[in-house]
Amino acid sequence: MIVTERLTRRFGSIEAVRDLSLTVPDGSICGFIGANGAGKTTTLKLLMNLIAPTSGQATVLGVDSRKLGPAQFAQIGYVSENQELPDDLTTRQLLAYLRPFYPTWDDALADRLCRLLDLPLDRRLKALSRGMRMKAAVASSLAYRPRLLVMDEPFSGLDPVMRDDLVRGILELAGDGGWSAIISSHDLQEIERLIDFVAYLEDGRLAFAEPIATLQARFRQVDVIAAPGASLAALATPPPPAWLSYASTDRALRFIHSQYAGDDTERDLAARFPDAQIQTTPISLRDTFIAVARERRRPEEARA
Amino acid sequence: MTLAWHIAAKDLRRHRLTLIAWALVLLVTMSFRVITPQIGQDPAWRMMVPLWAVLATLGYVVIWIVCVASLIQDDPLVGSTAFWLTRPIAPTQLLGAKLLGLFVCIIAPSLLLEAIVMAAWRASPGVIFVALLQESWMLALVSLVFMFLASVTSTVVRVLIVMAVVVTGELVALQILSAMIRRQVAAGGSLPPPTVMIGLPFGFMDPNVLALGGTFFAIGVLFTISYQYRHRRSGAAIAFFLAVIAVTWMVQGAWAQVPLLREPSVEQEPWARDTRVRLRTVGLPDGHPLPASESLVHQVSTIVVTAPITLDGLPAGYVATPILREASLTFEDRSRLDSIVTPRSAASINVASHVERWAPLVEVTDASMQRLGDQPAVYTGTFDFIIERQSPIATLPIAVGATASDGARSVTISSTRYESSGCTMKLTSTAVALATRAREWPELLLRYQFRDGREMSDPYAPSRDNARVFLEPRYAAGTASLLRPFTVIVRDAYPRLPHDESGPVQAACRDITMHVINVGYVGHLTRTLELHDFRLNDPFPAR
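Protein sequences, first through last, are from chains D and L.
Per my numbering: the first sequence ends with 472, consecutive numbering throughout.
Per my numbering: the second sequence ends with 544, consecutive numbering throughout.
Just so you know, not all the hints are guaranteed correct.
Each computed SDA-like pair below joins lysine to any residue, with the alpha-carbon atoms no more than 20 Å apart [claimed, not checked]:
| hint | chain 1 | residue 1 | chain 2 | residue 2 |
| --- | --- | --- | --- | --- |
| 1 | D | Lys294 | L | Val157 |
| 2 | D | Lys235 | L | Thr156 |
| 3 | D | Lys294 | D | Arg315 |
| 4 | D | Lys235 | L | Val157 |
| 5 | D | Lys294 | D | Ala264 |
| 6 | D | Lys235 | L | Leu161 |
| 7 | D | Lys294 | D | Ser324 |
| 8 | D | Lys235 | L | His232 |
| 9 | D | Lys294 | D | Tyr270 |
| 10 | D | Lys294 | L | Leu95 |
| 11 | D | Lys235 | D | Arg315 |
| 12 | D | Lys294 | D | Glu252 |
| 13 | D | Lys235 | L | Ala91 |
| 14 | D | Lys235 | D | Asp255 |
| 15 | D | Lys235 | D | Ala264 |
| 16 | D | Lys294 | L | Val63 |
| 17 | D | Lys294 | L | Thr82 |
| 18 | D | Lys235 | L | Thr19 |
| 19 | D | Lys235 | D | Glu173 |
| 20 | D | Lys235 | L | Arg231 |
| 21 | D | Lys235 | D | Gly224 |
| 22 | D | Lys294 | L | Ser227 |
| 23 | D | Lys294 | L | Arg231 |
| 24 | D | Lys235 | L | His16 |
| 25 | D | Lys235 | L | Leu95 |
| 26 | D | Lys235 | D | Thr222 |
| 27 | D | Lys294 | L | Leu526 |
| 28 | D | Lys294 | L | Thr156 |
| 29 | D | Lys294 | D | Asp255 |
| 30 | D | Lys235 | D | Thr176 |
| 31 | D | Lys294 | L | Pro92 |
Read the hints as simulated data drawn from the structure, not as lab findings.
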């Protein structure tokens, strides 16, 4: 559905996206995560041909992104916090305006989405709150059952109820299957409910991209408590590179293991900390993101 | 087409207030055009209407820009946040919708109003059709330029700023040019005579050539806009636009060579074979050191030699305006000095009377003038003569309310202004309102003629009578609406008019008659002028 090869975009001397090679599998919902300024929005704009790449290329729905045309956009739903809307139109007028452009437009689905998202149909978009405008954009991007949904920070600045409404709207489409999505967001708790694939971008580079299941299996929080009278300090030094967010006292350790491999890792830990009480816990996408981001932000020397 | 209508309908709905403002300003400006010729005699209106007319015209231009920019920028082409960019809307489809909206909103209402007013003036369907063609051509040409500006900017304000910058830039360029000339004069040089570019930017005054050049320009701009819609690269689009202007300008003479639209072949006219170019002799004012009967008058600045040039053999009522194409001097040692080709070379002195047409003979560098100025040479210059036919429209006394009509056109003197000082009366201005139903828009000339036969009309003739005549504006045939009121202002003329303490004696003003003349383009002739014993510093010492 989406394939990028060494995709690069420079703005003057700044390289916003660097050699990005990513494949989002068909039928998956990809969470596109990364810190502010990591290049997420730029990447999505490159995918949508809103800006041209400096080098490399992207393929979307089997077509070079630079050649995306009406035929492809009829199958793509794009929602972005930065996208302008025809503000003078009401939601009803917006939907009526868009309907002729989409052969697959589904009036019943549009009605259902409007009800589900509790959209005021007869108020102008410019009179709506930010959240309502975003919901209107989502409704107008789902009503034709796109094969690909691209969302750039759809939850940014929305209250929990709005976020939940949006997720329900997206899931409404998900019920039909046969579509893919790529969603960039800081709101990892919300997208964790949706995504089955995650790509982590850092300083314009792809740090990792893998199914959410393997990611969650790979990251574990490890708590180690020393046996009475014993000390852990010597045993834990130096901490291996796979241990992230490492924190210790003389008698207790906590870190995120980024290469957790089930029984093998359990045996390694047991061997390293004999007699200690060891507990491994699955962690959320948010905690994974924080651990990875903090680790990468640390200076090289500290990591060494 | 259906989707183009769909998009256009959305635009019209969104910008209905702007479009209502456009309709209002159209009505107001059209009203001024209709009523101005009728109200010249009413003192209460005489002062106010011109001011309102200027404001309405300014509003007309601003709202025109705002309308075009609003329509285009509703789906902007700059930036990456526009709504349409990620919707299944083809750029060509969007461009089609915008052009459609432009026609429906901007051009069609103008044409409709024009047609209604012309019909009220009892213009024939043929005349209305031709006028509407001209009007739509002009509206489309200007709208496309506004459309281009809107396509490379993101807001209406920026379009207005760009327009302001262009106008300011032109003024600054003029200031710089004046400063350069002043410096030249301060360094001991003399001032070149004031010249104007001959009428139009696309070459000769042939309306066909204008139409061709303008159409080429319009197609170029449309191509540029189309490029911007397809690629959204503002920098490249601006470069294309400038290239279109440059190419249109550079090949200006070439338009005349296009067989399909070539101007009338004046060379084939029986009288054309006998025309000869020569320097014109003019009478000199009293007290001039040269004999007053037959004298050559010329002007030499540090770089330009200018003289009146005439084409003998023209039929009555025809005038020829010389435009220097190329010139050279061949000296006794066979060395040759070519005239520099500058915009001034392709210009003629703005002589309102059409009695004497002056033109640059040769333009050289200051150094050449210093070095070779006194050496005798053979001058050879090739001139294109624009041939125009003058036909009188009316002869009027200068009195408010005086009116005349030749059937197709009517002329009314709508105001005159006087200033008195002692026993001298100064006629500072005369405003003439003209309405026409003729197919061609006339270019008007005024000529004042006194009872004793003296004429005043030539601004650059020797300073008899201190005459200064300015005509404004000069609409070119083929580009102007046919019903535009026309104002001619005469300034700083000093006829000694009888008056009493309270002001001018109106009856006496009727001692002066004013001729209003229509000037129509006929074609052009190319002739070569050869002068022996020519010196740059003193071109005609032997004569």
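Practice task
Could you work out which earlier hints the structure fails to respect and list their numbers in ascending sequence?
Solution key: 2, 3, 4, 6, 9, 10, 14, 15, 16, 18, 22, 23, 24, 27 and 31
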